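Trainee: Based on the sequences and whatever the hints tell you, model everything.
Residue numbers (my numbering), protein chains in the order written: chain Z, 1 to 108; chain C, 1001 to 1491; chain P, 2001 to 2314; chain E, 3001 to 3564; chain X, 4001 to 4485.
To be clear, the hints were calculated from the coordinates, so they are not data collected in a lab.
There could be a bad hint or two in this list.
[Stated by the list, open to error] Okay, the calculated bits of chain Z under chain X, using three or more residues with CB under 8 Å as the criterion:
1) 26–39
2) 68–75
[Stated by the list, open to error] Anything over 12 Å on all C-beta distances counts as not near chain Z; from chain X, calculated:
3) Arg4260
4) Val4348
5) Val4417
6) Ala4439
7) Leu4441
These numbers come from a predicted model, not from an experiment.
All C-beta atoms, glycine included, are put in the ideal place defined by N, C-alpha and C.
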Amino acid sequence: MTVPAVLGHLFPLTGAVLVGLGLCGFITLRHPLRQLLAVNVIGAGIFLILGGLGRGEGVTDPYPQALVITGIVVSVALTALGTAMIARLSEDRRAAGSGPDQPKDQDP
Amino acid sequence: MMLSAPLVLVLLPLIPAIISFALPERLAAWRNAANLVAATVKVGIVADLLRQVRGGVDLEWRYTFLPGHDFLLRVDTLALLFVSLSVFLWLVTTVYAIGYFGRGPNLARFFGFFNLCVLSATGVALSGTVVTFFLFYELLTLATWPLVVHNGDEKSLRAGRIYLAYTLAGSAAFLVGILWLKALVGSIEFTAPPDLSAVPPLTLTLIFVLCVGGLGVKAALFPLHGWLPTAMAAPAPVSALLHAVAVVKAGAFGIVRMIYDVYGIGTVAELGLGPPLAALAAFTILYGSLRAVMQDEIKTRLAYSTVSQVSYILLGASLIGPFAVIGGLVHLVHQGIMKITLFMCAGALANRLGIKAVTDLDGAGRLMPVTMAAFSIGALGMIGVPPVAGFISKWYLGIGGLQSDAAWVVAVLAGSSLLNAAYFLPMLYRAWLLPPPERAGFRELGTTRDRMLVLPAVVTAAAALAAGVFASSSFSPLTWAKLIAERGYLQ
Amino acid sequence: MTATFELILCVMILGTACVALFVRDFLTAIAFFVVFGNLLGLAWLAMGAVNVALAEIAIGAGVTGVLLVLTRSRLLALGEEIACGPARPWLRLGAAAACSAFTTLLAAAVLSIAPGDDLAPVVDGLMPRIGLDNPVTGVLMAFRAYDTLLESFVLLGALVAVWSLAPPAAWPQPPVALRMADPAALNVAGSFGRLLLPVALVMAAYLVWVGSDRPGGAFQGGTVLAGGFLLAAMGGAIGLPRSDDPRLRWALVAGPLVFLAIGLAGAATGRFLAYPDGTAKALIVTIEYVLAFSIGVTLALLVAGPPARAGTGP
Amino acid sequence: MTADLAPLLPLAVVWPLVLALFCLVPAWGPRMIALLPLAPVPALCAALLAPRDQIARLPGILLDGGLVLGDTGAVFLGGAALLWVCAGIYAARFLRTDPRPAGFALFWNVVLAGNLGVFVAADIVSFYVFFALVSLMAYPLVIHDRKPASLRAGTAYIVLAVIGETALLAAFMLASYHAGGSLWIADVRAGLGLPGSPSAILWLMILGFGIKAGLMPLHVWLPVAHPAAPVPASAVLSGAIVKAGIFGLLVFLPFGVPVPLAGTVLALLGFAGLFAGALLGLAQPGGKAVLAYSTVSQMGLVMGVLGAALAAGTPAAAVLPAAALYALGHGLSKGALFLSYGLAPWCGRGWRRALVAVALLLALSIAGLPFTAGALAKSAIKGPAGPFGATLIGLSALTSALVLARFLAVLPPARAGAGRPPLLLALPVLALAGAALVLPVVLYPAVAGKAPFAATTLASLLEGTWPLALAGLLVIGALALGLKPPLLPEGDLLDLMRRSVAAARAGFEAAVRTGAVSMHDSQGRPAAVWGDNLARIEALVRDRASIAVVLLVLMGALLAALLR
Amino acid sequence: MSPLDLLVAAPLAFMVAALVAGQGGRWLILAAGPVMLALSAWLVVLPPGVAHLVGDWDLPLGILLRADGVARLLVPATSACFVAVALYAWHEFSPKAGAETARAHTFWPMLYLMWGGSNAGYLTTDLFNLYVTIEMVSLAAVAMAAMGSLAAGLQYFLIALVGSLAYLLGVALLASHYDTVDATLLAVRARPDLPTLMAITVMTAGLLVKTALFPLHGWLPPAHAAAPAPASALLSAVVIKLGFVILLRLWFEAFAEIIRPAAMDLLGGMGALAILYGSVQAIRQERLKLLVAYSTVAQLGYLFLAFPLIANAQNPAEPWAAVLVHAVSHMLAKAAMFLAAGLMLKAVAGDRISDLAGLARAMPLSVTAFALAAISLAGLPPSGGFTAKFLLLHAAIEQGRVVPAAVLVIGGLLGAVYLFRPLSVAFSGSAAPAVRAEAPLRVAAPLALASLAIALGFAGMTLIELSSVAAPPAVAGPVQAEPGR
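Mentor: See below:
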């Protein structure tokens, strides 16, 4: 295997590892905000795979680029919603006087 | 009209059903009128159909429901037997229900579902394909459930639960059976029994067990009868119709269809399915009677009696002989008329005198002689005392058993008669012979409502008597059952 | 040389990601996450994807970072600790094993895909029909304009969703004030914001303009604009609007609406989201400007969060 | 006879039913009791005038049935109608103060219709219907006074009646089937005589008819039921209704073909009843009970003869007329005796002596005093009875005489102030007694083919008299010594049966209860455990991290499945 | 102009309008309802094979919109649901005391966003475009779920996010591998190699999370049960269907040729477990809305149980139709049930099943709606649910598959058990609780939906014909499709 061939896969492989890391983080981290961060890492990994595999001679395929940009915007929109929810939940918990600690998955 | 007479017949109860659901309580009189008119019209239509079918006219209405599954309504002799029974008893029960409830709560609901129930029963009768039958059979379950839980107390709710559990499980088994059969031999119409020769006997037997097991739930065949006695929590008009026509008969009718129109007697005989079924039916007959003897509540006793009596039909169907078929079919009608009489009377007693248990019956005959007279005729008919109709059924069943080399049938019939006597006669004894509790100023037929409560039972009791006395006249159930047997099953 | 650089870059990306995920202190985590985002931007640059790099740095690292920081401070103000969580050892071990297996499989799959810009020629072949030079913008605004249209609505929807979280009494108050608490800092930020807002406006306009031909475009422009708005708000240069302000609402919907209207106009003349010959560039630029403005406003408000009762700020 | 008299047969049956319907009309019901004597009139006419052996078909009724009047049937019909007429007259007076006249009239008429119908039915279905009517509808007559004793008696009656009905139903089904599906009695009887016919039919018939006719171990209802009914009802029960059972045996048993086993058993049981019935009757305190046991005894005689004839294969022509004659004589006499029992309290002074005289005459006739109608009947029936049977019959005169003497002994005393009995009560007694003493004599030639008393020899005279004389001696001796008979409860075996049934029932109920309790106990608490487990599973799958883990596992599974 | 575009564009336009209109946003349904229903009708009657490329940009790049059987069945049903839910929500999400509230304002734009998103999802064949549409729908869904319980909403949000990303990962792999994400092109190009299978795996898994197939359903019951009734209705009826439709496109269109029977059986098995598990859990619930939510878990199982049945059928058109009919009737019935449940619970001011006593008298129409919906959900005739179950059972028996047949039967019975329990309570008692009369529209909405679900039972042939329009080859003909070869 020639070096450029490996290089061609370098970023996608990094992306794959990022996906795995993010997933591991999502499983082991309990706080929703941290899980949100983990999700963002997964997203970044996916984008790297998508973009990295579209890498050609010197320039990257515009098609995956466009998809990645769309993806990034969607993911920031969702992250915004997520953070807003986390903050509001915390407020509600505080107002209800329950412990601010772990999000409890109790029945509504 | 001529072409779609079956459809009209089936859908007619929809009109009073909708009217009943829609009318507010203060227009109860209009609701009652609508119900009565519809019931009467239906009797008229059926009378006309009886004439036509006797003349050999065949009416059907077909609609492709799913690929390979036709929705077929067909008027044949067997269908008409069931339909005539149901329309007649519908009319009677409508009158009775009006008298029974007066101005109670939930009546709009009651009459609405009552009509749906009749719709389903008519549909069951007129179904021309197995799938059509299944549709109405299931619809029947749904339409009767609200009637069973009508009273809304804990007992009714429990009864409703048990009823659903049994019947839905039954129809599920039935559905599996018919789909299995369909997968093997294609679409199944009653008029054209499928060619089963290519199917392995074991498979056929299994399918038969599934179907008969499924139908046997409604027909209250022995291990599957548990729902029926608890369903007694329903008000009397419901029990009456449930036991006489709608539910149990649908199951029995379905089994008749399965044996004669789907499998065909040849196949059933080849597979040797008749004797086990007959044995089971016989066991049910005796078991139901035995249990009935032990009950104190009147309606429960009647319910076990139904368990026992409906199996007469199955016994007749499974014996596979001309007389047995006739006996089974005619019992379909006779049992209906007699049992509805009993239930209506029981309801009247409970409604007017608060009598629910056998031990409360003391002197009921003195207080409500007309009701008790009707009850007595029904009870005697059940025992098989001639000339009430039950005797005719027993006669044909017995001879049919002998024709099929099953002399034990006679013994079963005899045993059942004795047991029937054992649980009916004490009731008559109490009612007629023991002194009543003091009830000042009680009048049985004081108001119109009273009369509507009592007279339907008199009508059906008279019908039961007439069906026996004039058994061989040209419009008797027996003659019709013979016609069915001749046209269909005696080749 | 390039290879070494890229290798080191990848290692750093992985390292920062690890730290961002698993470090105990959440502020550190955020800091590393922002660095991670910027490194990713570098990676995109290394791949020659300047458009993505811009978006990643502006949105992925910048806006997300701000969001995380703001949320953290809100939670802290409410007394909530953002702990790593009491994950049981066996869970960690299992998760690590499962994720490694997954990663291995994923890596194997990735390795068996040959990288290549096979679609680039196709795109290039189509570019003349819309009269633009930047193929990414071409894909975004023409070939896959449908995606972009829906995406603009996703962004709008996200804001509506965030608004829906408003406590009943808070509607239609502005979001929590972003003003800095420290007067000195506020002063600095205020002047900075006042200065930066026009700059941001100009820069956004420029980014959109060049987007037709060189890297840049509506999203990047919108992000810059949002950054300007946010800084200005922090410095108190501008107040955040009430959510029932009609001007605000029109500003929010203007971009998606214009996009949709032009798309429907295309449908009236031929095909949904088709640009009539010769008008493509003009229409695209129009859409991009309005869209960039709306995106800017939307993003800024997304970061600001749901309407809140006065006095519940950080 | 002319053909236009044919409708008399259906009329004979329908007319009482019409009267019964009138009884249902509230205003008329109580007055219908006055019309009771009219009810059997068409039947009486039919018995005399209706064409013989000509089937009157009833299309559409039951299973296309029909009515026919045979020779035997005519004797039974006529005798029964006569008895019913007399008893009707008696009842019209006797029940004048009864609290439930309408009900009595109703069931009287219904039972009458059934009783008459049995004698004229041409097909087994009609026969069965009429038989059921007469069996079951007699129940209200038995319990008419509603006294506890009557009710108990009624219960015994109805239980055995239903068993009998059921046995008959089964027998008829089998018989009809083996007669090739024919429903005509004639065919059925012919079929029964065929070699292949199952013996069960005969046994069932003996059971069914035997119950009705009081065959020995099945007779238990009779001594309690007959006395329980009002006097006129007792009279018809004992005089006419039991005859339905005898008639059934007569009509269905395949005489002419030897049926050794069934015949012998029937004969043994019958003759056992002949003596045991009489002896048990001696031990009864009540007059009506004594009469009832006498009936058991007399019917035992007839059935014993029938059994003997059946076993020997005696042809029907030799059996039927003699038995019919005997039944006729017994029916009328027993009716008269019952009525006289009811009459006794009304008769003061000389009237009582007259009554006792009539009763004594009747009793002696029944016992077979020579030159009485009873003696004629006995001599006629000895023919088919065979030598052994004839001896037994001869001996039975002793017991019969004793039991009837017992009856005379317990005849109730006159009421205070009783004088001349009411005409409407006395007339029927006289008429019946007359008929009982005359009619057999009149009919004897037709039966025996010779003039009555023609072959009377001294030997036969002695043979007929010595038991009676012995009886007279015994009675006189007993009276002289002041002996009292041991008192037995009515219905001998009945009490025993009742007690054992009660015990069995209690045991069974206890067993059921125990079973139910143990069923309840065995229901454990697996449901709760299941619920807990399900809740735990659900809590697990609701966790985000677990979902992610599951997701990974699922991915692995999917990939594995896809790669397979 | 084509309904394919307008079905997406119109709701988005209404979203904009609702956002701008503020207080008056709810009035828009009066315009949107007829418009969308008309467009749906137009879609149904389009000639077969209608499809077009957005902006006329050709395939490897462009996006194909298509009016196939799936869309023709699901779009009208979705529209019906939305219209009914909107009419129902009319009062609930209205300005209080003349002033806008957050919910009253944001509910309506989100409703339209969800509407547009689901329509877009049904119509497109582009896998990346589908990603955007599921995000549109999820976003609105999360917000609606959060209206009831923030905790449940957050849970839903995070899990859905993971699901979306898994799906996106697959799309990324496919896009790199085949240079297209169009399902119709992939059907031609796809090869059974590791990246493709990996992509199928992660996409499927991600979508299963969104569709809440057992054992990935944990997020669903709390979220669906807590949300306000109209939101619950949309979540249970519409939202989860989108993920399922994408799965259909993947498994029977794009990768029909390379998916092996074992995978089909795996999904079928999970479906079976879902039916049993969901039903058992539903039986155990004491709260009405949780019961209905678990019923959704169970009902979703049927959709997956059908997968192996379709794949192995002699005539796959029938089970294919069955699965679509089931989706449609579940949509209608479940929406109706949630709405009716909302009315009933509001009337008694409780949330437990035992609170419903006597309601059959007090609010017969709502109970009727609930009952009709229950009939369809339990698969009792005559109803769409029955037609679907009937066809599935038929297929299972025809193929001699005992386990699916048994599960279908048992599932139906369990369904009846849990659905008739609340009804039974509603029928109980003899006194009618005093209940404030509801607005006719609110009462009519669930009733109309439930009646539709029942009415579907009478239109079996039409539904089957519709479902076969432009069906993928794997499910079209009577020719045996050999998945996996």
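Trainee: Run every hint past the structure and note whether it holds.
Mentor: Verification of the supplied hints:
1. For the region 26–39 of chain Z, the stated coverage by chain X is satisfied: 5 residues place a CB nearer than 8 Å to a CB of that chain, which reaches the threshold of 3.
2. Here's how the region 68–75 of chain Z fares: 3 of its residues keep a CB closer than 8 Å to some CB of chain X, so the rule of at least three is met and the hint holds.
3. For Arg4260 (chain X), the shortest C-beta to C-beta distance to chain Z comes to about 25 Å, beyond the 12 Å cut-off, and the non-interface label holds.
4. For Val4348 (chain X), the shortest C-beta to C-beta distance to chain Z comes to about 18 Å, beyond the 12 Å cut-off, and the non-interface label holds.
5. Under the 12 Å C-beta cut-off, the non-interface status given to Val4417 (chain X) relative to chain Z holds; the minimum distance is some 22 Å.
6. Listed as a non-interface residue, Ala4439 (chain X) keeps its Cβ farther than 12 Å from every Cβ of chain Z; the least gap is roughly 26 Å.
7. Here Leu4441 (chain X) stays apart from chain Z, with its beta-carbon at least about 27 Å from theirs, past the 12 Å limit.
Checked against the numbered hints above, the structure violates none of them.
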